[in-house]
Amino acid sequence: MRLIFTNFVKIVLYAVFVTISALIVRFDAGSAAIDGSKFSEGSLTEIFQLIFIFTSSVIFYVTGILNSKSKSIGFLMGGGAMAAFIREMDAYFDLIYHGAWFPFALAVLAYSVYISYKSRNGFYSAVESYSKTTSFGLFISGFMSLFIFSRLFGKKTVWMALFDLERLEGPYRWVKNAAEEGSELFGYTLVLLCAFEFYLFFKSYRNDMK
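Here my numbering is used: the first residue of the sequence shown is 1, the next is one more, and so on.
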């Protein structure tokens, strides 16, 4: 009974996160265009993408630090999330030079992989246990949404064909931006929920190992 109640509460809370994400996109859709284009770098959608992925990275790292059994996985996932955060900050890194985000992201990944390798004892058993969790399912869903669906769904050719245009301009481009950035925000929301579940799983995993 307690498990059923806990899962029900999780569903409600996670539904709230997803609803908030949808409302953020709705707010940006009705707001004035920023720099001549809606859903630009300064939009609420972009800001919450950064907040969600940065928070996810911190949760993965902190879980890895607090629980040695999850350190290898935590640093790998935390490094991947932080690299995605840096990639989303590319407009600001471009102030240094175009593509400046890449070496920073690479450095974070290299450090995370190094720490993960040093903490590899028990890695396979932890991965085997983790692969059966809700967190892993959310991770797969978020990854697919972010790096496959949103990338393909947001291609200009799709929207040019939809609107029967040779180039996307003005409101037509805003619709394309809304679809792409909205699906990305949903993906980042799933990754954030994955991070919460990751912490909860390895917290109980640590207690079971005592």
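Be aware that a few hints might be false.
Computed list of lysine to aspartate or glutamate pairs in EDC-like fashion (alpha-carbon distance at most 16 Å, straight line) [said to hold, decoys possible]:
(1) 155 <-> 166
(2) 156 <-> 169
(3) 156 <-> 166
(4) 155 <-> 169
It is worth saying that the hints were derived from the structure and are not from the lab.
Exercise. Taking 16 Å as the top limit, are the C-alpha atoms of residue 156 and residue 166 close enough?
Worked result: holds, 10 Å
Problem set entry | Given pair status - residue 169, residue 156, alpha carbons within 16 Å | With a Cα-Cα distance of about 11 Å, the restraint between residue 156 and residue 169 holds, given a limit of 16 Å.
Exercise. Are residue 155 and residue 169 close enough, with their CA atoms no more than 16 Å apart?
Worked result: holds, 14 Å
For this session: Could you grab the alpha-carbon distance between residue 155 and residue 166 and see if it respects the 16 Å cut-off?
Result: holds, 14 Å
Going down the numbered hints, you'll see the structure goes against none, and every one checks out.
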